[in-house]
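Work out the full structure, taking the sequences as your base and the hints as a guide.
2 protein chains.
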Amino acid sequence: MKTVAKGSDEKKENGNNSKKTLGQEALELHKRLRGKIEIRSKVSVKSPREISIAYTPGVAEVCLEIAADRERAYEYTSKRNNVAIVTDGTRTLGLGSLGPEAALPVMEGKALLYKEFGNVDAFPICLKTADAEEIIRTVKYISPVFGAINVEDIETPKALEITERLTEELDIPVFHDDQHGTAVVTLAALLNAMKFTKREPGRTSVVVAGAGSAGYGIVKILRAIGITDIIVTDSYGVVSKSRPVDTMNKYKIELASITNVPEGVNSLIDAVRGKDVFIGVSGVKNLLTSALVRTMNKDPVIFPLTNPDPEIHPKDAADAGARVIATGSYKFENRANNALVFPFTMRAILDNRVRRISQQLLVAVAYALAELIPKVELRPFNIIPDVTDPRIQPAVSKAVQSLTVG
Amino acid sequence: MKTVAKGSDEKKENGNNSKKTLGQEALELHKRLRGKIEIRSKVSVKSPREISIAYTPGVAEVCLEIAADRERAYEYTSKRNNVAIVTDGTRTLGLGSLGPEAALPVMEGKALLYKEFGNVDAFPICLKTADAEEIIRTVKYISPVFGAINVEDIETPKALEITERLTEELDIPVFHDDQHGTAVVTLAALLNAMKFTKREPGRTSVVVAGAGSAGYGIVKILRAIGITDIIVTDSYGVVSKSRPVDTMNKYKIELASITNVPEGVNSLIDAVRGKDVFIGVSGVKNLLTSALVRTMNKDPVIFPLTNPDPEIHPKDAADAGARVIATGSYKFENRANNALVFPFTMRAILDNRVRRISQQLLVAVAYALAELIPKVELRPFNIIPDVTDPRIQPAVSKAVQSLTVG
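Protein chains in written order, with the numbering used here: chain A, 29 to 434; chain B, 29 to 434.
Hint data in this document are derived by calculation from the structure and do not stem from the laboratory. Yeah, the Cβ is synthetic: ideal placement off N, Cα and C, and Gly gets one too. It is possible that some hints are incorrect.
No farther apart than 20 Å at their CA atoms in a straight line, the calculated lysine to any residue pairs in the SDA-like style are these [as the list claims (entries may be wrong)]:
#	chain 1	residue 1	chain 2	residue 2
1	A	LYS156	B	ARG193
2	A	LYS359	A	LEU320
3	B	LYS226	B	GLU66
4	A	LYS70	B	ARG62
5	A	LYS74	B	ASP414
6	B	LYS47	A	ARG77
7	B	LYS70	A	ARG77
8	A	LYS143	B	GLU66
9	B	LYS156	A	ASP97
10	A	LYS303	A	THR317
11	B	LYS59	A	ASP379
12	B	LYS74	A	PRO413
13	B	LYS156	A	SER285
14	B	LYS74	A	PRO418
15	B	LYS168	A	ARG77
16	A	LYS156	B	LEU198
17	A	LYS156	B	LYS168
18	B	LYS59	A	LYS359
Coverage of chain B stretches by chain A, computed from C-beta distances (three or more under 8 Å per stretch; other residues unrestricted) [stated by the list, open to error]:
#	segment
19	53-65
20	82-88
21	97-103
22	145-158
23	224-230
24	359-367
Written out as structure tokens, the structure is:
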């Protein structure tokens, strides 16, 4: 039986329910449920005969079929719809390294959204090792049961390395939500924001604050649609090849080589001046001030995506002249949250037996999401659909299918 | 929606349904369902507010609680009820080494029974490695998400080694069904068979055919209740210290040291002569002949437990004078199948936070199962309860709880 998040029991216990924080409500919900997901049987095994067919001895015939050709696991088992949500708990939400047990509530929550919006059977795999090689090895060992892997909340650059290696070495797709999901939802929102503010990709300048998995994914997808005027910043300032080696890593070096930093631009303050778009995936609350927004171009697009507390409060951004604002949080309007992407995209990936998450696929999904809001309906606070919009899945599925067919 | 194993669709397609083999029905069922288990949400995540509580940002509070004390994962997450069914596919059913993908239908079937009879959330982990050290390491890495481990269908002696090592090195219980489950159901049936044939443990002689995980577990549990007159045989003959070293392993050496083989007893033929009980866990169809049964003591107890084809057909055993017969198969009466044990025992283990599967616990569960058939109701074909008997769980839970309290 499903329980609504805000149960009637709580109200009885506490007449002053409205004063509870989300955190308090979450603690109560989790304590009551003791686990947000469960395994469910799709077949009855009540009689000896039913057991003989779903289990032994009847199942032996099915095992032999798969032993003869392991591809048939997609026909006869749950593999086709199983996704492992893999984390080592080193970057749980914005909270840092809390360990694998503490990551489990997030992974269960992710599994809920996978099921609710994509009918995907996702199971949390929270690993008691933070070593990249050990993580890669473990995921390879457990891969026979899964149709895809979702890499989640692992610190950067390790997460990028793991995703790259697993993509090469596994025969199932590897979706890195912090990288791929964030990139898609950001591009979807940006496509409509550009349309609304009458900007073209080739003449739009962007600052990306944050050079982790999300920043990396965003820069790659922006370039894929022709946005090349990009500056990336991190806690050291602008990401560029002239920085000390120990402030860089393999992925930041790549970012430096595909972005263009004019002479004399070193800090975030320098970077945002005269720019069209700010995308915040920095993890730093209140990083962008109102004064900085005022140094940007007219009608700037401001996406402070850090959760739960954005780089600038949407109201402050609006007061400073931002024309379109989107955050990653459910607390504000224009929710550019990954939940818009991962359940629907995974559904399409599994249905089409996609082997590799390509830039082309991510771009196609972003366009599909963006196009759900017709141009005439675009408003500063209506640039992306709501996660409950029933048109999302058909649109995403169509976009992915057209790639695999074509 | 649950589907019954023998669906109406099949009947429509094939009027001659009764002629289908179990294997054919199993193939059709598996093809139709494409997975017998699924993940289910226990909480609604339809509105932004619900998502904020079950997922981010509300869930952060829950993560922090667990980070402060990882024991709280039992209070706030699915860990308390999650079981990993771990296999490497090297000994799938009686079919040998079919690989991890081909093992999945069996593990899903096991998960069904765990859910149906024990309300346990079991998830299949079929590993793409057959190396004992790698299996141990992988299980340790994935352990944070699980409240217990079920080791399944791994070849012997590797399975025994893995179970031993994981029991030492993990902080959650490790149940080895082939060893522990088979031992319990065998003892439960034997306790009632001895009662019915008026035998006492101290004066009952037993031949165990099979020195794998099941044979090992059975000998240990028989000794725990005072049966000491035991001979074990395998494909080389009687397991004894005088055999060539390369026909033995660590566990067979232990078996040789705790069983008693009289001078001149070398083969199964020698071993069964004048014995009270035959227990077959050999994997060899038709191993025990009618002529051999006739060399045993009066009113012998015959448990040919190998699946799907027992060491002797129950009818042949009865014709040769067997007084009580039990098999491991759902095709015959007296179903001494592990399904009577693992779901109910795991439920009790999880509820009582049992850390270690002790011989004492296994014996207690066996007695609890046996005592469900009152002495006056004992018949040659009524010595153990049916898996659907609603009295099993309360009896097993009470038995396990009394140990943990006492």
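Taking the hints in turn, this is what the structure says about them:
At roughly 17 Å between alpha-carbon atoms, A:LYS156 and B:ARG193 fall within 20 Å of each other, so this suggested pair holds. For the suggested pair A:LYS359 and A:LEU320, the alpha carbons sit about 23 Å apart, so the restraint of at most 20 Å is broken. Straight-line distance between C-alpha atoms of B:LYS226 and B:GLU66 comes to about 48 Å, which puts the hinted pair past the 20 Å bound. With a CA separation close to 10 Å, the supplied pair A:LYS70 and B:ARG62 stays within the 20 Å bound.
Using a Cα cut-off of 20 Å, the hinted pair A:LYS74 and B:ASP414 holds, with the two alpha carbons roughly 11 Å apart. Under the criterion of a C-alpha separation no larger than 20 Å, the hint pairing B:LYS47 with A:ARG77 is consistent with the structure, at around 14 Å. About 30 Å separates the Cα atoms of B:LYS70 and A:ARG77, which puts this hinted pair outside 20 Å; it is violated. Our distance criterion of 20 Å between C-alpha atoms is met by A:LYS143 and B:GLU66, whose separation comes to about 9 Å.
For the suggested pair B:LYS156 and A:ASP97, the alpha carbons sit about 15 Å apart, so the restraint of at most 20 Å is met. Distance restraint check for A:LYS303 and A:THR317: the Cα-Cα separation of roughly 15 Å lies within the 20 Å cut-off, and the hinted pair is therefore satisfied. A C-alpha spacing of about 16 Å is found between B:LYS59 and A:ASP379, which places the hinted pair at or below 20 Å, so the restraint holds. For the suggested pair B:LYS74 and A:PRO413, the alpha carbons sit about 14 Å apart, so the restraint of at most 20 Å is met.
For a cut-off of 20 Å, the pair hint linking B:LYS156 to A:SER285 is broken: about 39 Å separates their Cα positions. A C-alpha spacing of about 12 Å is found between B:LYS74 and A:PRO418, which places the hinted pair at or below 20 Å, so the restraint holds. Among the hinted pairs, B:LYS168 with A:ARG77 is inconsistent with the structure: their alpha-carbon atoms are about 37 Å apart, more than 20 Å. The hinted pair formed by A:LYS156 and B:LEU198 meets the criterion: a straight-line CA distance of about 11 Å does not exceed 20 Å.
With a C-alpha separation of about 7 Å, the suggested pairing of A:LYS156 with B:LYS168 holds against the 20 Å cut-off. Straight-line distance between C-alpha atoms of B:LYS59 and A:LYS359 comes to about 44 Å, which puts the hinted pair past the 20 Å bound. Check result for the segment 53-65 of chain B against chain A: holds, 11 residues qualifying (beta carbon to beta carbon below 8 Å, three or more required). Closer than 8 Å: that is the beta-carbon criterion, and the segment 82-88 of chain B has 7 residues meeting it against chain A, so the requirement of 3 holds.
Counting residues of the segment 97-103 of chain B whose CB lies closer than 8 Å to any CB of chain A gives 4, which reaches the minimum of 3, so the coverage claim holds. Under a criterion of three residues with beta carbons nearer than 8 Å to beta carbons of chain A, the stated coverage of the segment 145-158 of chain B is upheld, 9 such residues being counted. Coverage of a stretch by a chain is defined here by at least three residues with a beta carbon nearer than 8 Å to that chain's beta carbons; for the segment 224-230 of chain B and chain A the count is 0, and the condition is violated. A stretch counts as covered by a chain when three or more of its residues have a beta carbon under 8 Å from one of that chain; for the segment 359-367 of chain B and chain A the count is 3, and the coverage holds.
Comparing the model with each numbered hint stated earlier shows that hints 2, 3, 7, 13, 15, 18, 23 do not hold.
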